[in-house]
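Student: Spelled out from the first residue to the last, the chains are:
Number of protein chains: 2
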Amino acid sequence: MKVHYECLPCIASQCQRIVEMGTEDVELRKRGIIAAARLIGQMNENSVPAVIGSRVFLGVYGAIGNDDPFGEYKELSNRLAEKTVSNLEEQNIDIKTALKLAIIGNVVDFAVGYSPEQLEEDVRRMLGEELYRDDSDELFDELSRARSLLYLTDNCGEIYFDRLFLRRVKEAYPNVEIYVAGKEGPVINDATVDDLRRAGFERMGRVISTGTRIVGVPLGEVSEEFMEVFESADVVIAKGQGNFETLSEVSDPRIFYLLRAKCRPIARELGVPQGALLCIRSR
Amino acid sequence: MKVHYECLPCIASQCQRIVEMGTEDVELRKRGIIAAARLIGQMNENSVPAVIGSRVFLGVYGAIGNDDPFGEYKELSNRLAEKTVSNLEEQNIDIKTALKLAIIGNVVDFAVGYSPEQLEEDVRRMLGEELYRDDSDELFDELSRARSLLYLTDNCGEIYFDRLFLRRVKEAYPNVEIYVAGKEGPVINDATVDDLRRAGFERMGRVISTGTRIVGVPLGEVSEEFMEVFESADVVIAKGQGNFETLSEVSDPRIFYLLRAKCRPIARELGVPQGALLCIRSR
Numbered sequence: 001m002k003v004h005y006e007c008l009p010c011i012a013s014q015c016q017r018i019v020e021m022g023t024e025d026v027e028l029r030k031r032g033i034i035a036a037a038r039l040i041g042q043m044n045e046n047s048v049p050a051v052i053g054s055r056v057f058l059g060v061y062g063a064i065g066n067d068d069p070f071g072e073y074k075e076l077s078n079r080l081a082e083k084t085v086s087n088l089e090e091q092n093i094d095i096k097t098a099l100k101l102a103i104i105g106n107v108v109d110f111a112v113g114y115s116p117e118q119l120e121e122d123v124r125r126m127l128g129e130e131l132y133r134d135d136s137d138e139l140f141d142e143l144s145r146a147r148s149l150l151y152l153t154d155n156c157g158e159i160y161f162d163r164l165f166l167r168r169v170k171e172a173y174p175n176v177e178i179y180v181a182g183k184e185g186p187v188i189n190d191a192t193v194d195d196l197r198r199a200g201f202e203r204m205g206r207v208i209s210t211g212t213r214i215v216g217v218p219l220g221e222v223s224e225e226f227m228e229v230f231e232s233a234d235v236v237i238a239k240g241q242g243n244f245e246t247l248s249e250v251s252d253p254r255i256f257y258l259l260r261a262k263c264r265p266i267a268r269e270l271g272v273p274q275g276a277l278l279c280i281r282s283r
Numbered sequence: 001m002k003v004h005y006e007c008l009p010c011i012a013s014q015c016q017r018i019v020e021m022g023t024e025d026v027e028l029r030k031r032g033i034i035a036a037a038r039l040i041g042q043m044n045e046n047s048v049p050a051v052i053g054s055r056v057f058l059g060v061y062g063a064i065g066n067d068d069p070f071g072e073y074k075e076l077s078n079r080l081a082e083k084t085v086s087n088l089e090e091q092n093i094d095i096k097t098a099l100k101l102a103i104i105g106n107v108v109d110f111a112v113g114y115s116p117e118q119l120e121e122d123v124r125r126m127l128g129e130e131l132y133r134d135d136s137d138e139l140f141d142e143l144s145r146a147r148s149l150l151y152l153t154d155n156c157g158e159i160y161f162d163r164l165f166l167r168r169v170k171e172a173y174p175n176v177e178i179y180v181a182g183k184e185g186p187v188i189n190d191a192t193v194d195d196l197r198r199a200g201f202e203r204m205g206r207v208i209s210t211g212t213r214i215v216g217v218p219l220g221e222v223s224e225e226f227m228e229v230f231e232s233a234d235v236v237i238a239k240g241q242g243n244f245e246t247l248s249e250v251s252d253p254r255i256f257y258l259l260r261a262k263c264r265p266i267a268r269e270l271g272v273p274q275g276a277l278l279c280i281r282s283r
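Line by line, the protein sequences give chains A and B. The first sequence begins at 1 in the working numbering and counts up by one. The second sequence begins at 1 in the working numbering and counts up by one.
Simulated from the structure, these hints should not be mistaken for lab results. A hint or two may mislead.
Same chains, same names: a pair is fine if it fits in one copy or spans any two.
[Unchecked claim] Straight-line alpha carbon distances no greater than 25 Å define the calculated SDA-like cross-link-like pairs of lysine to any residue that follow:
(1) Lys2 x Asp25
(2) Lys96 x Ser148
(3) Lys2 x Ile178
(4) Lys262 x Ile34
(5) Lys96 x Glu184
(6) Lys83 x Glu269
(7) Lys170 x Gly275
(8) Lys96 x Glu177
(9) Lys2 x Pro174
(10) Lys2 x Glu24
(11) Lys170 x Met21
(12) Lys262 x Ser13
(13) Lys2 x Glu27
Given only the sequences and the hints, what does the whole structure look like? Please build it.
Tutor: Shown next, in the form of structure tokens:
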């Protein structure tokens with residue numbers, strides 16, 4: 001997916017958030033924003049939002065001298081989500097509900113002051129929503145024949161919902177070898193390989209790095225090791241907007257996207273209403 | 001005043017608004033935003049927000065092929081403000097209240113759906129607020145000795161409040177020669193010389209152009225004719241943020257700024273609370 005017109009103000013607003021989270025020093029914030037402006041100048045009509053966005057954000061990180069401005073936010077997200085998911089795990093959740101929860105996990109904004117009670121209530125409310133597009137029967141059908149699954153994670157917090165879903169996948173398809181991919185290092189609130197290890201994903205399969213801090217799976221930037229896993233996987237589950245943005249240019253029926261169309265560009269690109277919950281097979 | 005860190009996301013959001021007001025064509029909106037991104041790339045730590053902002057906006061105008069995306073909005077602002085001010089003019093308003101109204105006129109957002117009744121109520125409410133800094137006694141003292149006044153306007157709509165104030169100035173200081181400056185052509189919702197003429201400012205003095213479409217008074221960009229008036233004026237009244245941003249680097253006690261500190265950067269620069277109503281002499 002290439003940039004839409006709304007991507008510039010969105011990237012610029014995220015830069016403001018990054019410098020505000022990353023430093024109290026107003027002069028340093030300004031230095032970060034000037035670095036952002038220069039990098040934004042490289043945007044062209046073929047830029048992929050996740051890629052140009054990540055380059056800009058990482059440039060800001062360098063300029064303000066903070067390699068992980070979302071560090072605290074991510075910790076909080078993980079703690080809150082873990083608690084919510086552990087309550088859910090006590091219930092008898094089927095694999096289809098677990099898949100829906102994995103999409104819902106992509107939605108939750110773990111803002112400061114968000115109570116676990118509030119989060120649980122929001123999750124319950126969203127469970128009542130229908131998937132706007134639902135190719136999950138095809139996904140489960142593919143998994144029943146697959147030898148390997150590559151699961152591309154998205155954000156911190158959300159990964160605990162992914163873990164719940166992957167447990168159900170492992171129970172239902174015990175012969176499928178599972179690979180779970182995270183980012184090589186911090187970028188916004190994306191889950192890194194370290195986050196995945198701390199969340200215990202190694203008990204479910206092999207935790208691998210995409211080999212880059214760029215959001216999504218930017219082909220040409222990911223590591224060779226990752227590409228080998230990506231190319232040989234029978235099924236790929238790609239969570240969230242960043243993975244969709246970077247992979248949507250290739251038509252590859254092994255890929256299933258699980259996401260909520262949070263922003264207008266993604267909704268426009270997919271031809272779905274903004275806010276739609278989606279399980280879509282790439283065609 | 002040089003850019004603060006919040007200026008980048010603000011300029012980017014305004015670009016979104018410009019392309020949305022300027023064209024229904026999503027591809028053209030994107031072309032406008034890509035042009036904006038390239039121009040934003042020229043921002044550096046010494047950029048003046050009004051100047052870099054104007055350059056970006058005018059670049060977007062060119063890319064989307066619409067030379068005045070705010071055209072309708074400005075018409076609406078002028079009609080609404082004219083009606084409100086004509087009701088106010090029936091009352092016996094003293095020059096100090098008229099000065100305050102000129103500042104208040106800088107605040108009003110003439111958004112679609114804003115009724116004249118609502119506007120009048122908002123104006124009345126704001127008239128109850130105190131000026132946070134008030135150098136108006138010095139201004140009136142200077143005017144009593146001055147031979148000439150240069151009045152730098154800001155936005156459409158607001159100019160009708162300026163007209164009311166200038167009428168009081170003309171009554172109180174009949175010997176002062178008044179120059180009223182507007183922009184050479186459309187840029188966001190700024191008043192052009194044509195807007196000033198249509199609003200009847202020629203009955204109060206000489207309407208002149210700054211000679212540029214860049215917001216404010218960007219020295220080096222304004223016309224020679226304008227510079228002559230600017231340099232020879234005994235008193236300069238500069239309305240709004242754009243005029244402040246471009247003139248604040250020079251210390252010139254002939255200049256009085258009338259504005260509301262609408263955004264955080266301006267408030268930070270002036271050391272006043274955001275939202276403060278201000279009549280400040282340059283020192």
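Student: What hints, given by number in increasing order, does this structure fail?
Tutor: When the structure is compared with the hints, numbers 3, 5, 6, 7, 9 and 11 turn out to be violated.
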